[in-house]
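Colleague: Single-letter residue listing:
Protein chains: 6
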Amino acid sequence: MKKEEEKNNSLTHLDEEGNPSMVDVGGKSVTKRIAIAQTVISFPKEVALQIQGQDNATKKGSIFQTAMIAGIMGTKKTSDLIPLCHPLPLDKCNIEMEWSSETEVTIKSTASVTSKTGVEMEALTGASVAALTIYDMCKALSHDIVIKETKLMHKTGGKSDFNR
Amino acid sequence: MKKEEEKNNSLTHLDEEGNPSMVDVGGKSVTKRIAIAQTVISFPKEVALQIQGQDNATKKGSIFQTAMIAGIMGTKKTSDLIPLCHPLPLDKCNIEMEWSSETEVTIKSTASVTSKTGVEMEALTGASVAALTIYDMCKALSHDIVIKETKLMHKTGGKSDFNR
Amino acid sequence: MKKEEEKNNSLTHLDEEGNPSMVDVGGKSVTKRIAIAQTVISFPKEVALQIQGQDNATKKGSIFQTAMIAGIMGTKKTSDLIPLCHPLPLDKCNIEMEWSSETEVTIKSTASVTSKTGVEMEALTGASVAALTIYDMCKALSHDIVIKETKLMHKTGGKSDFNR
Amino acid sequence: MKKEEEKNNSLTHLDEEGNPSMVDVGGKSVTKRIAIAQTVISFPKEVALQIQGQDNATKKGSIFQTAMIAGIMGTKKTSDLIPLCHPLPLDKCNIEMEWSSETEVTIKSTASVTSKTGVEMEALTGASVAALTIYDMCKALSHDIVIKETKLMHKTGGKSDFNR
Amino acid sequence: MKKEEEKNNSLTHLDEEGNPSMVDVGGKSVTKRIAIAQTVISFPKEVALQIQGQDNATKKGSIFQTAMIAGIMGTKKTSDLIPLCHPLPLDKCNIEMEWSSETEVTIKSTASVTSKTGVEMEALTGASVAALTIYDMCKALSHDIVIKETKLMHKTGGKSDFNR
Amino acid sequence: MKKEEEKNNSLTHLDEEGNPSMVDVGGKSVTKRIAIAQTVISFPKEVALQIQGQDNATKKGSIFQTAMIAGIMGTKKTSDLIPLCHPLPLDKCNIEMEWSSETEVTIKSTASVTSKTGVEMEALTGASVAALTIYDMCKALSHDIVIKETKLMHKTGGKSDFNR
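Protein chains in written order, with full-length UniProt numbering: chain A, 1 to 164; chain B, 1 to 164; chain C, 1 to 164; chain D, 1 to 164; chain E, 1 to 164; chain F, 1 to 164.
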């Protein structure tokens, strides 16, 4: 148990010589694991108004829907992007968005898997790719857009749960 | 000129019906374009100390170097991740990192190209992937890590320059 | 049972708000699933004769074999291409081809998996990529080539079987 | 001129020994090239009605918009999918869709590039991936959906134009 | 048993007609499988000295660490690179390197999985990509670098073990 | 000129601090560049005989043709595999193979581009992926197969030519 704790507090992605190394999940048990990450994208006020105006037009939701699709596809690319992540057979991932203030959109990214390791990085990557896609679609209006506070909100199914 | 201005202020990634659409760069001129983006990753104090300790060990730099490589490779994947980005023959991209405060690492991502369109999204994507990689390598220590303030710092070679 | 039927008849890839959403397969049972898809590629008569002539030459089969390989590799890329498809650990996929008439090649694509969700999209994607590859290899002869009737032929292992 | 014609009528993707071989575009001139491809997806009548009903709901267009994004991203993956296609720096690609009859959706895929070789395969691949995505999103309603008649409609900028 | 033996001695990646075909692993049992591959990269003496000198500098290990990361990421891409390889949910992969003589670096690549088929190709691909990366990083010094002797060293968990 | 020489003799893929860094090709001139790489794959005698026997059967060439396709597709993935390689718009790549002795197959990989940087890594990667594919297709016969001597044979169009 002591050992477990120690391992918990060490950089598991480096081997004894300090070289980068994938964690061996071969001996871990298969459980249902869920992770939720969040990011916030902040616009100058006039840009926010312009996007909200567009968003109420006939084909509403194009920016958000494009970012949702990009976020879902980005989630599936996590192990291709992050060197030491394991390839995982995701049960589900999805991306939700809403205007959380006059000038900010909050992106919530959820991933789940029944596997030996968790999906925190998948949820975080999905949120980041969705935010970058919104940035891309709005950057003709302004470069004063900022992606703020990408973080894990919730995690269950692993050694310890996490809730923010 | 009026038209140019109008275009400057519209959502160029949506067509007249509001559908997602790639901007046609066919008529734009080939220029040298550079973009620099930045992100900051913030750690709880004890985690920051632990990483800095490891970082001074014999094989120093493993975490940063892994993140640099991931960021460079992520930069090259931008058009694969962001739906309406053009595939671009990058001249160069690179990722730099440093402890900008006791508990924060600042990641600077630079991309350049000689092409018809800019590399803002490439620089931003590289910064994000590098930050996600650092998160991944340190998450065994804590999930109170936050990726803060991903933003464009500098851009030259397009219709208008940008400097923060 | 009523509910099951209702679910069967709804657009499972949209959530209640109409946004794109991956189906959660976390609660579904792992079964052996097989799907077979088919497509037909049709050539102008003189082009068909030319290909058949080449195909009987010493290194026979180059066009078909290139398309088989592309189809197999395309099958493995399904979840990378189709936004709401799950990544699946395929047990097997393969592509067969034959001249089904004087001017038409029929491509049969089979995929199987032991998993929580089916491989219809994998079989269909494999068939499409194989057909596109044949088109590419023959397009110097004519652009009057048409990919016709890509469809599912057979499916077992899920909630309900399908046979055409 | 004779030679040109002969080359025009041969399988350029096979070398003299009949092995698969990428065409050398090194000596070809850089021109503006555009290609338009089309595919048609056909639904059973009750399925078509159900989709059209959904499509008029509040978040209208989710299926089409998901397929547009997938088609654009698929267009960019053409050289990754089709073995002998050259990687090309696309100027633009986009996907349009409309109900062309009570039970059929017509997908129009356009690609353009300023390069040494054409984008027919890019346009065709974009159309196919968009069609497969629509199939995926509607398959819970029926497997009697058929992707019909994927073909090139228009091509300019190469040795010879093509119009259907 | 006779049959098993025969199968053991045949080209399992070709079907009865000699066409390329993925082996069906659907009926095989899930076991823990490990494979270790090795490659050697050989430098001209003066180049070896130069690299070793650099390697002892302050940020030591950059070349090796870049190659380790590339090798790990390459291992994860095996089924994307080798046409008839199955996509596998790796438990772990890693790359080790050391100067095995004055002028040679030996790269050891390990992969493990709990699955129906082995990871020999994953280990071999990881070793090859790591070696190519070292070549790339040193090629400004000389093109007399040679990648020698890529081979399997060890394999357990399948029908028969292998040890060199 | 002195400087040029110095640059020629330094590790261009590391910056002054020893961190991995992509070479900036922005200022280099666009020239026609060709590279040829070679690898040799060696089989136990009885395995060589078995493959040669198969290779003369009706669908002859399946193993070689699969490896050619994989090698061509691998060449196109070079910048995705090797961290510091630039994405390049290849003019052509191809793979040739022949039995160079009773027990060895020699793989010749050629790549060409009209660009600011060379295609040595593309040629080497294509050869390696082709060799790994042959290994994969023959490994059911024996694991005493060895990939030997992957090296550059020829290079033109850059600062200096190379011929082995």
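Do not rely on the hints blindly, as some may be mistaken.
A pair holds if it fits inside one copy or across any two, identical chains being indistinguishable in the list.
The list that follows gives simulated cross-link-like pairs (lysine-lysine, DSSO-like), each with its CA atoms no further than 27 angstroms apart [said to hold, decoys possible]: (1) Lys-28 / Lys-148; (2) Lys-148 / Lys-77; (3) Lys-28 / Lys-159; (4) Lys-159 / Lys-45; (5) Lys-28 / Lys-77; (6) Lys-151 / Lys-28; (7) Lys-77 / Lys-92.
These are computed hints drawn from the structure, not numbers from a lab.
Colleague: When Cα atoms must be at most 27 angstroms apart, do Lys-148 and Lys-77 count as within-copy, between-copy, both, or neither?
Modeller: both (22 angstroms within a copy, 22 angstroms between copies)
Colleague: At most 27 angstroms between C-alpha atoms: does Lys-28 with Lys-148 qualify within a copy, between copies, both, or neither?
Modeller: Result: close neither inside a copy nor across copies, 34 angstroms intra and 32 angstroms inter.
Colleague: If the cut is 27 angstroms between Cα atoms, do Lys-77 and Lys-92 qualify within a copy, between copies, both or neither?
Modeller: both (13 angstroms within a copy, 18 angstroms between copies)
Colleague: With 27 angstroms as the alpha-carbon cut-off, assign the pair Lys-151 and Lys-28 to within, between, both or neither.
Modeller: within (25 angstroms within a copy, 30 angstroms between copies)
Colleague: Is the C-alpha distance from Lys-28 to Lys-77 at most 27 angstroms within one copy, between copies, in both cases, or in neither?
Modeller: both (23 angstroms within a copy, 23 angstroms between copies)
Colleague: Is the C-alpha distance from Lys-28 to Lys-159 at most 27 angstroms within one copy, between copies, in both cases, or in neither?
Modeller: both (10 angstroms within a copy, 24 angstroms between copies)
Colleague: Please work out whether the CA atoms of Lys-159 and Lys-45 approach to 27 angstroms or closer within one copy, between two copies, in both situations, or in neither?
Modeller: Result: close only across copies, 23 angstroms inter versus 43 angstroms intra.
Comparing the model with each earlier hint shows a violation of hint 1 alone; every other hint is respected.
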